[in-house]
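Participant: Given the coordinates of chain A, work out where chain B should sit on it, guided by the hints.
Single-letter residue listing:
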Amino acid sequence: GIQVEQSPPDLILQEGANSTLRCNFSDSVNNLQWFHQNPWGQLINLFYIPSGTKQNGRLSATTVATERYSLLYISSSQTTDSGVYFCAVDLIGGNKLVFGAGTILRVKS
Amino acid sequence: DTGVSQNPRHKITKRGQNVTFRCDPISEHNRLYWYRQTLGQGPEFLTYFQNEAQLEKSRLLSDRFSAERPKGSFSTLEIQRTEQGDSAMYLCASSLSAYEQYFGPGTRLTVT
Numbered sequence: 177g178i179q180v181e182q183s184p185p186d187l188i189l190q191e192g193a194n195s196t197l198r199c200n201f202s203d204s205v206n207n208l209q210w211f212h213q214n215p216w217g218q219l220i221n222l223f224y225i226p227s228g229t230k231q232n233g234r235l236s237a238t239t240v241a242t243e244r245y246s247l248l249y250i251s252s253s254q255t256t257d258s259g260v261y262f263c264a265v266d267l268i269g270g271n272k273l274v275f276g277a278g279t280i281l282r283v284k285s
Numbered sequence: 002d003t004g005v006s007q008n009p010r011h012k013i014t015k016r017g018q019n020v021t022f023r024c025d026p027i028s029e030h031n032r033l034y035w036y037r038q039t040l041g042q043g044p045e046f047l048t049y050f051q052n053e054a055q056l057e058k059s060r061l062l063s064d065r066f067s068a069e070r071p072k073g074s075f076s077t078l079e080i081q082r083t084e085q086g087d088s089a090m091y092l093c094a095s096s097l098s099a100y101e102q103y104f105g106p107g108t109r110l111t112v113t
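If you're matching them up, the sequences are chains A and B in order.
Just so we're aligned, residue 177 is where the first sequence starts under our numbering, counting upward by one.
Just so we're aligned, residue 2 is where the second sequence starts under our numbering, counting upward by one.
Hint data in this document are derived by calculation from the structure and do not stem from the laboratory.
Glycine is no exception: its CB is placed at the ideal position from the N, C-alpha and C atoms.
Worth double-checking, as some hints may not be accurate.
To be verified - Covered, in the sense of this in silico footprint (three residues per stretch, anywhere, with C-beta under 8 Å from a C-beta of chain A), are these stretches of chain B:
{"no.": "1", "stretch": "39-53"}
{"no.": "2", "stretch": "85-99"}
{"no.": "3", "stretch": "102-113"}
Looking at chain A on its own, in the form it has when it is part of the complex (with noise of 0.2 Å):
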């Protein structure tokens, strides 16, 4: 099946640093999705984002689905950001989500 593999796995900032996470998948995909897991277990949608780039505040994002990679960028980062981030890939004619091992960060005030 396909692999979806995220870097770094840890990952600790000062509060106001950049930081950009990565996910690498291993087929061509019809969907990608990244969330940020809060502390009560709740996925939360930042990014679908199957190609191209997108922007929301302080967060973006770029798929480059020919090189199957994705990455997402945290700007100006604040302590509220911290968590775990999931990349999620869907395979052309799937119907399920596969998910990276997730990238955990703590922002440190």
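Facilitator: Structure of chain B alone, referenced to chain A:
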């Protein structure tokens, strides 16, 4: 837009008991998914429905697990004869066809 809701939020049960979880999707969404997440892992797909038809099941969904979506609206996931290995967060998601999936808050199951 009320989002995806799940009940109960937490369930503690003894090994061998049956449990049932409910998911109410976003009202106009025709697809509904169940995932399971264990500590330190990403969610894993269990099954999905398009309207009332269950179209795909994961190998993770043993014969002790059954899911229904009787009228194409809410769904239930039942686990019979629970085992300690069933302890996990059970997540429901919905989508409009094969587009963006939206997740509910999850049901955390603890089997003692």
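Participant: Run every hint past the structure and note whether it holds.
Facilitator: Against the structure, the hints come out as follows:
Three residues within the 8 Å Cβ limit are the bar, and the stretch 39-53 of chain B against chain A gives 6, so the coverage statement holds. With a cut-off of 8 Å between beta carbons, the stretch 85-99 of chain B has 4 residues touching chain A; three or more are needed, and the interface restraint holds. Check on the stretch 102-113 of chain B: 6 of its residues sit with their Cβ under 8 Å from a Cβ of chain A, so the three-residue criterion for coverage holds.
Violated hints are absent here; each numbered hint is respected by the structure.
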